[in-house]
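Q: Residue-level listing of the chains:
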Amino acid sequence: QKEVEQNSGPLSVPEGAIASLNCTYSDRGSQSFFWYRQYSGKSPELIMFIYSNGDKEDGRFTAQLNKASQYVSLLIRDSQPSDSATYLCAVPYNFNKFYFGSGTKLNVKP
Amino acid sequence: KAGVTQTPRYLIKTRGQQVTLSCSPISGHRSVSWYQQTPGQGLQFLFEYFSETQRNKGNFPGRFSGRQFSNSRSEMNVSTLELGDSALYLCASSSTGVNTEAFFGQGTRLTVV
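Protein chains in written order, with our numbering: chain A, 1135 to 1244; chain B, 360 to 472.
FYI, nobody ran anything at the bench for these hints, they're computed from the structure.
Among the hints, erroneous ones may be present.
[Said to hold, decoys possible] Below, in silico cross-link-like pairs of lysine-lysine (DSBU-like), each with a Cα-Cα straight-line distance of 30 Å or less:
id	chain 1	residue 1	chain 2	residue 2
1	A	Lys-1176	A	Lys-1136
2	A	Lys-1136	A	Lys-1231
3	A	Lys-1190	A	Lys-1231
4	A	Lys-1243	A	Lys-1136
5	B	Lys-416	A	Lys-1201
6	A	Lys-1176	A	Lys-1190
7	A	Lys-1190	A	Lys-1243
8	A	Lys-1176	A	Lys-1239
9	B	Lys-416	A	Lys-1239
10	A	Lys-1190	A	Lys-1239
11	A	Lys-1239	A	Lys-1201
12	A	Lys-1176	A	Lys-1243
13	A	Lys-1176	B	Lys-372
14	A	Lys-1239	A	Lys-1136
15	B	Lys-416	B	Lys-372
16	A	Lys-1176	B	Lys-416
17	A	Lys-1176	A	Lys-1231
18	B	Lys-372	A	Lys-1231
19	A	Lys-1201	B	Lys-372
20	A	Lys-1136	B	Lys-416
21	A	Lys-1136	A	Lys-1190
Bound-form chain B, shown alone (with noise of 0.2 Å):
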């Protein structure tokens, strides 16, 4: 069974730039979460995606979006990117129950300069 397949694993980009990243969740699994890792703020939520729809949001700017396709793969965007955007993002795949087993996936570090 695949595992989480998230793309790219390095970007590079400049501030004030736009960037979407890619999830693909565990085949079956219909929940998607996106995370921020920082060596500062640790793992910090983003938002979830269940059946096309958000149902959870994290503290985040708005800059920050996220949709959810048809096919449960997922994609978030970041807009105007800042330099304390630089960070681990990691996406989590999770099966339809409550509360249950996330499993992540490899991770988009992302650079801004």
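Extracted from the complex, chain A is given alone in its bound form (with noise of 0.2 Å):
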């Protein structure tokens, strides 16, 4: 069974600090690993992927990777009350096959 953890939250940080979610995964095979955010209602959005160990950043997001101890993270720099949302942790399996962790919901306080 594959297994994508996340501490579902909710996390409050005040604006402009740096927000920190993280990601278990169960399966030592997994190549890649995606971050999403969900606003309420809304339908889930791509912020980035990871492939390789160590850090990758993009604009104010930065995904870190340690395959060794199946941890996946997502920094955000100079959060702001609009990136108050649910982050998703999904590992893809056999093709498309995307395993989702529950989410952490993210609260950015003004």
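With the hints as a guide, bring both chains together as one complex.
A: Structural data, given as structure tokens:
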């Protein structure tokens, strides 16, 4: 059974702070990892993905991957109230069969 | 470039009825996946179609079925609806590669009464 685990939160951070979202996965053979953001009542939208160990930066977002620890994280720098949403970690298997974590709800307070 | 289009956006059905949902993927994408999202279970994979063939299947009963047409548009069908089928049904479009990004449509909110 492929498992993707996330802390459900809510995670509350003040505006301008760094938000750190974490995800662990069960299958050591996993090759790629995706982060999605979902606003209430909306569909998930892709933020970024990472394949290699280390950090990958895209604007205010940084994804970090540690395959040895089976751990992937998403850092949001200079958090804004508009970043308040649920963040979903996703791991694909067997082509495009994605397993999603339950999501972490982020609340950025002005 | 147009995104993923799902129709209808909202549906209300009665227990025992059947329903068909439609998804048009991003132009050029040949993989279409379907997901069910509920507050209790989160996002769960239903099935994936690629070039008109079911390539992956989740752990849902046979009442849930799907198909894909030659233009990559996909439909999913749920027969003999149950109250527990009330959910947001999401379609995701992916290119031909392996483990590539999935782009979601706006979803169809199904309510079974």
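Q: All the hints need checking, so say for each whether the structure fits it.
A: Results of checking the hints against the structure:
Of the supplied pair hints, the one linking Lys-1176(A) and Lys-1136(A) holds, its CA atoms being roughly 26 Å apart against a limit of 30 Å. Our distance criterion of 30 Å between C-alpha atoms is met by Lys-1136(A) and Lys-1231(A), whose separation comes to about 11 Å. As the CA atoms of Lys-1190(A) and Lys-1231(A) are separated by approximately 23 Å, the hinted pair is consistent with the 30 Å bound. For the hint pairing Lys-1243(A) with Lys-1136(A), the CA-to-CA distance comes to about 34 Å; that exceeds 30 Å, so the pair is violated.
The hinted pair formed by Lys-416(B) and Lys-1201(A) meets the criterion: a straight-line CA distance of about 27 Å does not exceed 30 Å. Under the criterion of a C-alpha separation no larger than 30 Å, the hint pairing Lys-1176(A) with Lys-1190(A) is consistent with the structure, at around 26 Å. Distance hint between Lys-1190(A) and Lys-1243(A) is fulfilled; the C-alpha atoms sit about 26 Å from each other, no more than 30 Å. A threshold of 30 Å between alpha carbons decides the hint, and for Lys-1176(A) with Lys-1239(A) the separation of about 14 Å falls inside it, so the pair holds.
Between Lys-416(B) and Lys-1239(A) the CA atoms are separated by roughly 28 Å; this keeps the pair inside 30 Å, and the hint holds. A hinted pair counts as satisfied when its Cα atoms are at most 30 Å apart, and Lys-1190(A) with Lys-1239(A) qualifies at roughly 22 Å. Straight-line distance between C-alpha atoms of Lys-1239(A) and Lys-1201(A) comes to about 24 Å, which keeps the hinted pair within the 30 Å bound. For the hint linking Lys-1176(A) to Lys-1243(A), the alpha-carbon distance of about 21 Å falls within 30 Å, and the restraint holds.
Between Lys-1176(A) and Lys-372(B) the CA atoms are separated by roughly 21 Å; this keeps the pair inside 30 Å, and the hint holds. Between Lys-1239(A) and Lys-1136(A), the direct Cα distance comes to roughly 22 Å. Compliance with the 30 Å bound is thereby established for this hinted pair. Restraint check for Lys-416(B) and Lys-372(B): the C-alpha separation of about 25 Å stays at or below 30 Å, so the hint holds. A distance of roughly 25 Å separates the Cα atoms of Lys-1176(A) and Lys-416(B); the hinted pair therefore holds under the 30 Å criterion.
A hinted pair counts as satisfied when its Cα atoms are at most 30 Å apart, and Lys-1176(A) with Lys-1231(A) qualifies at roughly 21 Å. Of the pairs offered as hints, the one joining Lys-372(B) and Lys-1231(A) holds, with about 28 Å between alpha carbons and a cut-off of 30 Å not exceeded. A C-alpha spacing of about 45 Å is found between Lys-1201(A) and Lys-372(B), which places the hinted pair above 30 Å, so the restraint is violated. Of the pairs offered as hints, the one joining Lys-1136(A) and Lys-416(B) holds, with about 14 Å between alpha carbons and a cut-off of 30 Å not exceeded.
Among the hinted pairs, Lys-1136(A) with Lys-1190(A) is consistent with the structure: their alpha-carbon atoms are about 24 Å apart, no more than 30 Å.
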